[in-house]
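Got chain H sorted already, so can you dock chain B onto it with the hints?
Residue-level listing of the chains:
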Amino acid sequence: MEPSTGRLDHRDALELAEATERNARAAITPSNQFAYTTWAIAWPLGFGARWITAGDDPIIDASWAGNLIYSICVIAAIVVTAAHYARRARGVTGTSSRIGRSWAFAWIAAFAVCITTTAGIGNVVSSDAAMDLIAACLVTFTGAVIYTAAGAVIDDRTLNLTGLWLLATCATAAIVGPYAHLAVIAVGGAIGFTAAAVATPEQR
Amino acid sequence: MTNLSELDPLIHAPMRLRITSTLAALPPGDALSFTRLRDLLDTTAGNLITHLRKLDDADYIDATKRANTTYYALTPTGRTAYADYKNTLQHWLNQVPTEPRQHHE
Numbered sequence: 001m002e003p004s005t006g007r008l009d010h011r012d013a014l015e016l017a018e019a020t021e022r023n024a025r026a027a028i029t030p031s032n033q034f035a036y037t038t039w040a041i042a043w044p045l046g047f048g049a050r051w052i053t054a055g056d057d058p059i060i061d062a063s064w065a066g067n068l069i070y071s072i073c074v075i076a077a078i079v080v081t082a083a084h085y086a087r088r089a090r091g092v093t094g095t096s097s098r099i100g101r102s103w104a105f106a107w108i109a110a111f112a113v114c115i116t117t118t119a120g121i122g123n124v125v126s127s128d129a130a131m132d133l134i135a136a137c138l139v140t141f142t143g144a145v146i147y148t149a150a151g152a153v154i155d156d157r158t159l160n161l162t163g164l165w166l167l168a169t170c171a172t173a174a175i176v177g178p179y180a181h182l183a184v185i186a187v188g189g190a191i192g193f194t195a196a197a198v199a200t201p202e203q204r
Numbered sequence: 001m002t003n004l005s006e007l008d009p010l011i012h013a014p015m016r017l018r019i020t021s022t023l024a025a026l027p028p029g030d031a032l033s034f035t036r037l038r039d040l041l042d043t044t045a046g047n048l049i050t051h052l053r054k055l056d057d058a059d060y061i062d063a064t065k066r067a068n069t070t071y072y073a074l075t076p077t078g079r080t081a082y083a084d085y086k087n088t089l090q091h092w093l094n095q096v097p098t099e100p101r102q103h104h105e
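Respectively, the protein sequence lines represent chains H and B.
Read in order, the letters of the first sequence correspond to residues 1 to 204 in the working numbering.
Read in order, the letters of the second sequence correspond to residues 1 to 105 in the working numbering.
Chain H extracted, bound-state conformation (with noise of 0.2 Å):
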């Protein structure tokens, strides 16, 4: 512990006020390149196992493996980036906290509306392979255009081309249709998170 009275040389100083400065900042800045690399994990693994377990012909004949996994995946990433964010925000009260809360609002909502809007697709489409191709196209969408917007308001080019290559994954993935399209989303998902993991400086 520093003592608390007594004086400073100037260099001591100087060197005491920057590195408490840089500590601080990275003890309450959430670590963007934390969440990228969970889900870089998370991703890959949920629809990898969705892919060989999908479909007439599958790799391994267990689709409710596949969709267990995936589920245990995506809800895994989702609390261990929501808890490292609401750590790292703890006792941090302004701005940033409104910013963060619209933020996490944001995504529940999107979600929301993508369950409910496959729900509704679902009553009247009675095709196995076009539901998980439009299941799987829908979220990756979804938070496509959550980064892309999200990169472009705030200045964010690594948030921004994130998005901007899941666009290109999902509509790839589109294409390829089922359910080739669940290893597009797979291998997409973890180059793009992956590459983003890389690009993104760590906090000193």
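Read the hints as simulated data drawn from the structure, not as lab findings.
All of these numbers come straight from a predicted model, not from anything done at the bench.
There are no misleading hints in this set.
Partial list, computed: chain B residues near chain H (C-beta under 7 Å):
#1 21
#2 24
#3 27
#4 29
#5 33
#6 36
Backbone N, C-alpha and C define an ideal beta-carbon position, used for all residues, glycine too.
This is chain B only, laid out in the frame that chain H set:
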């Protein structure tokens, strides 16, 4: 040349320098709770309160109480004082030749 007496005495003390540096790391419009500030500075509540009061008296920090939690932020006066303090140090260091540092036991 700038001398030691020109440095703001309110900031030029280890704990108050660490408090102002920590609050300066917050984006404008944000404030930090007392508990989080204490954890970040790894100090005791009593010690922190003493120094926060001095900074508050000088209008360097703003304390806002919300639901049993007090949040602290630098005021515009505090931000200016901290920026001036760092500029003064930097100016002084730019003028003196670099000397090998002595090890203090």
